[in-house]
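K.L.:
So the chains spell out like this:
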Amino acid sequence: MSASSLYPPTLRREPPVSSRRWFAYSLFALAGIGLFFIPAFIIRPFRHQSPRALLLAMTLRQRAPLGTLIAALACFILALVLWKTASRWRKSLLVLTLLLVTFSAVMARLNYFEWMFHPIDGAQFVAQADSKLDAKQMIMAVRIGTEARAYPISQMAYHHVLNDVVAGVPIAVTY
Amino acid sequence: MLHFYLAGINNQNFLMRDRETGTWWQQITGKAIYGPLQGVALELVLSDELTFGEWRTESPSGQVLAPVVKYTKEYDSNWEPDVAKLPVVISFPGTELKSRDVVIGLTIGGAARAYPWDTFAKQSPILDRVNGTPVLLVLGADGKSFRVFVSRIDGRDAEFFLRAPESATDSNQWNLVDASTASQWNFQGCATSGSALGKCLDQTPALKDYWFDWRNYHPETTLYKH
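Just so you know, the protein sequences line up as chains A and B, in that order.
Numbering of the first sequence is given in my numbering, commencing with residue 1 and proceeding in unit increments.
Numbering of the second sequence is given in my numbering, commencing with residue 1001 and proceeding in unit increments.
Some hints here could point you the wrong way.
[Unchecked claim] Here are the simulated lysine-lysine pairs, DSS-like style, with alpha carbons at most 25 Å apart:
1. A:LYS132 / B:LYS1098
2. A:LYS136 / B:LYS1122
3. B:LYS1085 / A:LYS136
4. B:LYS1208 / B:LYS1144
Hints listed in this document are in silico derivations from the structure and should not be mistaken for laboratory results.
Isolated chain A, as found in the complex (with noise of 0.2 Å):
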């Protein structure tokens, strides 16, 4: 008879503290990419956005600049102590989730579609008579009161979205 069985089976050893933590480092890991990597996976161009996926990307990403943060710093905390006794394998497992943690959480600050559609910051205009646009490019018009703009539909395919002042009106330009 073996010493194990005297034990009555439904106590169950407790988990060494260090694996419990590598669990909890695993979740705020996947927890971290996850925020970044799934929106910015379902919200991608020339993509189907079905109405659930999207919901759930909008979410995440909502969430995302606080929570990649917290993942972050939890990781690297959880890092530190687990460092010293991980073998050389999982020491490159945690630098690697270091890295995408860290990229997750600098992501989820910075808005990467205005990398690909700059906005226009402080927009310039131009009388009429010293436009050099062509009299057959089309423009998008606004009239409101006695102040009339416009705006070049060539620019506002690439800018997409312009805040603008008409006659003290605020308005969003949008193509």
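Dock chain B against the given chain A, drawing on the hints supplied.
P.N.:
What follows is chain B alone, placed relative to chain A:
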């Protein structure tokens, strides 16, 4: 006052967020779809899609958005045929148009109706009814600018037609006339001669859009056929 920025894409119609609340907005509808302001809709400002030439004659004191020098290389003056070649991610098989067919979309009192651009360009002016409201769709003399008006003069339904020019050299090749008073109307919807002189039609918002996008956000839309 909110400031909007590009924040993503939803089936090729973009999403924007505002800096002040972080709410997500759908471009085509102006509706807040997620976040603190969810359920709110932005008020639509009446706007036109015109050629620069047409707008210039209408707005002598108008101002034009200047190109941002840094990005002029990114501007594509040939965007229309270029975008038409891009793939689509949603389609509506069984409907009578192809995904990238261009339509003019109207929404009046909750009812949506789409007019295929090619049909419109051939038939202009189009007189139609949307949700009981008489509408007049007109193509400008340049063949590219368009406007949509409520086809009523002093509250009474009116019919319009383009009178054929008297000769090929006639300076007035684009001559919109209403059937009841025979007054002439300009492209801004105002009578320039006849007993209606000085009166203007009410313009109604219209969106030039791809069929797939219009149909996706207006699933109940009807389609003008002739």
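K.L.:
Decide, hint by hint, whether the structure agrees.
P.N.:
Verification of the supplied hints:
{"no.": "1", "hint": "A:LYS132 / B:LYS1098", "verdict": "violated (35 Å)"}
{"no.": "2", "hint": "A:LYS136 / B:LYS1122", "verdict": "holds (19 Å)"}
{"no.": "3", "hint": "B:LYS1085 / A:LYS136", "verdict": "holds (21 Å)"}
{"no.": "4", "hint": "B:LYS1208 / B:LYS1144", "verdict": "holds (11 Å)"}
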